[in-house]
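Residue numbers (the working numbering), protein chains in the order written: chain A, 1 to 244; chain V, 1 to 285; chain G, 1 to 410; chain U, 1 to 346.
In short, the hints are calculated from the structure, not lab data. Using N, Cα and C, we set each Cβ at its ideal position, and we do this for glycine too. Wrong hints could be hidden among the right ones.
[Said to hold, decoys possible] Simulated crosslink set (PhoX-like; lysine-lysine; CA at most 25 angstroms straight-line):
#1 Lys161(G) x Lys354(G)
#2 Lys136(U) x Lys191(G)
#3 Lys171(G) x Lys198(U)
#4 Lys136(U) x Lys131(A)
#5 Lys60(G) x Lys292(G)
[Unchecked claim] Now the stretches of chain V that chain U is said to cover, found in silico as 3 or more residues with beta-carbon under 8 angstroms:
#6 77-84
#7 263-276
[To be verified] Negatives, chain G to chain U, calculated, CB over 10 angstroms:
#8 Lys143
#9 Lys171
#10 Gly182
#11 Ile346
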Amino acid sequence: MAERGAPLLETRGVGMRFGGVKAVEDVDFRLEEGELRCLIGPNGAGKSTFFRCLTKQYQPTSGTVLLRGRDVTRAPTHAIARQGVGIKTQVPNVFDGLTVRENLRLAATARHRGRAIDEACDQAIERLSLKAIGGHRLDRLSHGQRQWVELAMVVTSRPALILLDEPTAGMTHAEVEHTAALIQELNRDSALIVVEHDMQFIRSIATGVTVFHQGRIFADGTAETIMRDPRVGEIYLGKRNLLS
Amino acid sequence: MAIAAIQILNTMASLALISLGLAVIFGMMRVMNFAHGELLMLGAYSVQFANAYGVNIWIAMFVVAPVVVGLIGILIERLVIRHLYGRMMDTLLATWGLSLFITGLVTMVFGNVTRGLSTPLGSFEIGGIRDSSYKFLIIGVTIALFVAIYAVLRHTRVGLIARATMDNPRQVGVMGINPGYVYTATFAVGAALTGLAGAIMAPLTGVLPTMGAAYIGKAFITVICGGDAIFAGTASAAVLFGLINQTTTILLTPEFGEVALLLGALLMLRILPSGLSSLFSRRAV
Amino acid sequence: MESINRRTLLRAASGTALVLAAPAILTRRAGAADAIEIGALHDSSGSHSIYGKEMDDAVKLAVEEINAAGGVLGRQLNLNAFDTGSNMQNYAQFAQRLVSSNKASVVFGGVSSASREVIRPIFARSKTLYFYDTFYEGGVCDKNAFVMAETPAQMIGPAIKQLIKEKNVKKIYTMWADYNYGYICSTWLEKLAAENGAELVAKEFFPLDVTDFSATITKIQDAKPDLVVSGLVGGNHIGFYRQWPAAGMLGKIPLHCTVFGPWEKNLLQPQEIEGLTTSYHYYQTIDSPENKAFLDKWAAKFGADHPEIGTLAVCSYNAVNIWKQAVEKVGDLDRDKLIAALETGISFDGPGGKMTVDAKTHHAVMSTVMAEVKNGEFVIIGQNTDVPPLDTSAVCDLIADPDQSIQYQP
Amino acid sequence: MARVPLAIQLGAIALAGAAVIVALPSFIGYDTILQITLNFAFAILALSLGFVWGYAGIFSFGQAAFFGLGGYAYAAAAINFGDSTPAILIGVLLPALFALVLGYFVFYARLSSIYVAVITLVVTLILYKFMGQTAKPSYMIGNAMLGGYNGIPAIPPLNVPGRPDLFAGPEEMFVIAGLTALAVYIGLRVLLAARLGKIVVGMRENELRMELLGFDTRFYKLVAFVIAAAIAGLGGVMFANWNAFIDPHVFGLGFSAQPIIWVMIGGLGTLIGPILGAFILSTLSLELGTQKTIDINLILGLVFTVFVLLVPQGIIPTLRKFWTDRRPARDPDAGANASREASSHG
C-alpha cells in the first residue's frame, strides 16, 4: 500500500560506490507528482550514476529508494518500470529492425492487451507527432527522430514518472526545440526527471533544477536562481566552457 | 601424505598447463579457440614423431612441438581467425569446424590408432611408495612458464604492447604497431604454448587423433572461471579445480573426480559470476 | 612403430580424388544373381577400429577362401560388409539395410557390446541368423544369435587358476573399465578367486576417459597385493600401462590383463610391458601347423607386413566356417534348420585350436591359452582345451527354453 | 504487395506437409524411410536450438543434452510402463523441468551470454560423465538399467495409447516423427507471431530496452529456455524410438556440436534453416560414412569453417537475400520488409 501524501519519488541517503570510488554519496531527493525536475552537474558529478540507481541499472550500495512511499531499493529494473516509471536511456535503446509503429506496439505490449495496444500506440504517435514516419524502419531515421520514438515508447505505458537521460544529446538546434516542446507536452500527464547538460534547454523547460557535484546534491532551486548562483557557475559553467 | 601432495600439485599444474595457451588467446584476443584440444593433439603428435625419427625427446618436446604447433597457429590465424575478429561467437564456431577438420585430417594421415612414447625420468620413492618423477617436470615447467609470462608482461616492451592490446586493441594502432602482427604473434604464442603442453602430456597418455576432446572442456572451464585477470585467474582456477579433482580422486575414485571438478565450476560461477580473479584483482593480467 | 611414408601421403591424396567418384562407387551393385547374400558389420574406422579392422579382414578372408573353393552349396557368397565407424547410429541403419535391401541370410558383426545390443533385436525380429565374434561379458541368451568368442569364464578362469597356483596369490587388486564388461568380469573374478583360495582387496572402476592413474598406483602400493588384475579398456586407459612402469612398479607386483591383445601391445614399448600376462583363445605366436597355414594365407592377402592379429580375427574367421558347415549339413538357407544344425555341436579346428558350438547357450566351447609378454612378444605359457562358457551356461538353456532373446546379468 | 494472413499460410503448410509425410513412405525405399525418420528427430532438435538461439538469442550448448535426457527418460519410462504414452510425456517434461532448474540458476543470476554458453556446456559434460558411469547394476530405474557407456538397448517402440501390443513399425514411425516435426515447426511459427514471440525477439534485439519497458527478461529467457528444452526432449523421444537404443554419446561434445552446425548452416534466425541444416548434414554424414577414403570429420569441419567464413548467415537467409535483391524494388520498403521477415518470422 502506498503511503498517503508520500512524494512520488524519494531517496534517502542513496550512495553508490565502485570499488573504492564513491560515485554517489548520501543523496536525499524528493519529487512530487506532476513535477518536472532537471539534474545538472559537470561530468563525473554523479548525476548519471544517480539516474541509474533510480532505474536499477545500478544497485545502490546504500540508502533507500521510495516510489510513492513504497520501498523499491531492491526491485529490479523491470519492476521499477512496472510501477509506472518510464525510462529513456542516454543512447537510444530502440529496435532498429522494426518500424516505428512496431516499436510502439512492442512497448505497449508491456502494459496493454488486445485493442488497448493499438489505442496506446495511436495516442503516443499523436502526442509525439510521429504520424508521418509511422511505417519507417528505425535504422532509416535521423538521430533526433529515434530519440522521439523512444520517448513515444516510454509514453505507451502511460507512466506517472518519466526518467530521461540527456534527451537532447547530439541533436540539432531545431530538434532540441522540438524536444523541449515534447517534454512539456509529456509533463501534462507525468512527472519528469531530466538529466541534462544544455542550460539553454533547461531554461526553456524546467521549473526545478537539482545540481550535483562530487557525488552529492550541491544546490536546489528554480532554473533562474540556480543559473544566477555564482557557486554553481564556478563548478559547473566553468567546466562546461572548457568542454565546449 | 607427501605423495598425495605431489599428486595434487601435479593435477593443478597439468590443468594450468593445458589451459595456458587458451588463456593467452582468449585473454588477449577474445577469441574462443575451440580447436585448442586439437592444438594439444598436434603437439603430442609432433613430439611422438620427432622422437620416433630419432630426435632427442627433450628437444622434440621443448623445441619441435612448440615450433610446429606455433607455425600451424600462424596458418590458422591468417586463414580463419583474421576474418572474424570482434565476432566472438563466430570465432567459436569457426574454430569448432577447424577442430573437426584437424581431427579428420590427422585420422586420415596417421590413422585412428593410439601411439605413444614411454614416460621418461624414471621414478622416486617416498615412504615405500613409488611414483613417476615426471610429475616434477610438469610442476616445474608450469611454474616456470607462468613466471616467465608474468615477467615478460610486466617488464618488457613486448609485454607492454600485449597488455595494451588486451586493454584496448584499437589503440595499439596509434602506438605505431600493426595490430595484425600483434594478433598473429599472440595466436602463434598461444598455439606454441598449447603445443608444448600437448607434448608434455603425450608420454603420460596415448597419442591419438581424438585425444583433444578429453582436454578441451577442462581447459575452457579453467580459463573462463578464472575471470578477467586472465593469467592469475587461470592459475588460481587451476589450483582450485586441481585440488577438488585430485582430492576427490584420492578419497573416492576417478569417476567422481571430474564430476566434482565440473560441479565445483558450476557452483563457483554461481557465487562469483565474474570469475575467480574478481576476488583479488581488478587488473587485466 | 608405423612410419609415415610416401605411400600414406599418396593414399590421403588419392582419397580426395576418390570422394569425387564416390556416387559411382556407392550405387554399384555387385554379385551374381544366384549368390548367397551375407552381411558384415564392423568398426573399420573410428575408436573401435583397432578391434574391428581385423574382424572385418578375417570375414573377408574366410569368404574369399570359401568362394575360391567353389562356394557353399555350389553358390558363391556375396559379402555386404559395412564400416559402422564406431557409431551406434550406423549400426541400426546398416543392420536395417542388410535385412531389407541386401536380404542377407546371415550377418557377422558387432564389435562393442553396445553395438551388439543395438543390432541383435533387429536380426531377431527379421529372423536373420546372427553371429557375434568378440570376447565379451557373457550372458547373451538368444535363439537367433551365436557367440563364437570368449566369455569371462574362458578368458579369466583357467588363467587366474594358473596364476594363483604358480605365484601363490592370496590378495588380488583389481581395476576395471567402468562399464558393463568391467562389472560383470569383476563379479566373475571374485567368485573364481574365492574358489581358488584368494581374495579381492579392491575393485576399482575407471570411466573410459580417465587418463591419469597415479592415485591408483599409490593405492595399489599401499594395499601390497600379490597380483594386480587389470580390466582397463581403450585408448585412454593405455595411460595406465605407461604410468605403471614410469612409477617403477614393473616386475614389483605381477600384472595380469584381461583385455590385452596385439591391439594394445602395439601401442606400448616392449620394456613397458615386460612380464605382463594375458589370456585368450588365440595369439599369433601359437606354434601349430594350422596357425602357420592361416598366417601364410593372411600374409598373402594383407601383405607380409600386416599388423599382428589376435583372437578377434580368428573368432570371426572360425564363425564364418562354422556357419558354412551348418549350411552344408542342412542343404539350404532356412534359418530354423540352420539353428538346429548348429545345435548338433558343429565344431571347427581353427588356427587357435578347436571351437565347438554349445547347443544350450549358443556359445562356443574352445581351447584357450595364456601368454606372457617377453621382449614384446606373447610367449605362450599355458594351454587349456575345451573350456566351457560356464558363466553363461549357468543361466542360459536355449534347448529347454528356446523362446529367449535376452542378456542375463549376474 | 498483398500478404497472405499467417493463419492461412500456416494452414496450407500444415495440410501440404502432412499430405506429403503420410504419402511418402509408399514411394521411397526402406533405407530412405529410416534415414528420413532420423532426420525428422534431428530436425526437432535443430528447431529447438533455432528457436532458443536464433530468436531468443540464448546460445545454448545444452540442446543435445536435453535431447538426450528426453531419450533416456522415454527409455526408462517405456521399459517400466510397457506403454509409450506416459513415457512420451515424461520424455518431454523431464528435460523441461531440468531446464527450469538450470535456467533459474543461470538467468536469475544474470550471467552474461558467454557464461550461459559455458555453463550449458559444463552441464552437458557432467551428464556425459554421469551417464557414462552408470554401468553398476545399482543404477536401475525400476526395471530399466542405465547401462553406462553401453547405454539402454531394446527400448520399446511407440504404441497406440493403452495398447502396447499395437506398436509403430518403421513406416508408422516415419509418419509420426514427420508429423511431430511439422507440428513443432507450426507451433513455433504461431508462438513467434504471438505476444511471447514478440517479447522474446525484442529481448534478443535489445534486452535493456525490454527491461526498461517493464518486461522481466529473466523470466522470458527462462520461458524460452524451458520451451526449447521440451522441444529438444521430444526430439530425443523420437530418436530413442528410431533405433530403440540410446547411449551417453548424445551428451558428448561431438553430438552437442551437431545442432549448432545445423542451425548455423541452415540459417540463424529462421526455422526452415535449422530443419534444412539437419537434413543436409545428417544425410551427408551417413553417405560419407559408407566411404572410407576421406574422414567424415574432415569434410564436416571444412564445410562448417567455410560456412562461418563465407556464408555466416546460413543458407536460408542468403537465399532470401538473393531472391529479394533480384526482384525489382517498386516499393522502397519491400526489400526491408522481406529481410526483416527473414529475421523474425522464419
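Now the hints, each set against the structure:
{"no.": "1", "hint": "Lys161(G) x Lys354(G)", "verdict": "holds (21 angstroms)"}
{"no.": "2", "hint": "Lys136(U) x Lys191(G)", "verdict": "holds (18 angstroms)"}
{"no.": "3", "hint": "Lys171(G) x Lys198(U)", "verdict": "violated (69 angstroms)"}
{"no.": "4", "hint": "Lys136(U) x Lys131(A)", "verdict": "violated (70 angstroms)"}
{"no.": "5", "hint": "Lys60(G) x Lys292(G)", "verdict": "holds (19 angstroms)"}
{"no.": "6", "hint": "77-84", "verdict": "holds (count 3)"}
{"no.": "7", "hint": "263-276", "verdict": "holds (count 6)"}
{"no.": "8", "hint": "Lys143", "verdict": "holds (16 angstroms)"}
{"no.": "9", "hint": "Lys171", "verdict": "holds (23 angstroms)"}
{"no.": "10", "hint": "Gly182", "verdict": "violated (7 angstroms)"}
{"no.": "11", "hint": "Ile346", "verdict": "holds (28 angstroms)"}
Consistency with the previously given hints fails for numbers 3, 4 and 10, ordered from lowest to highest.
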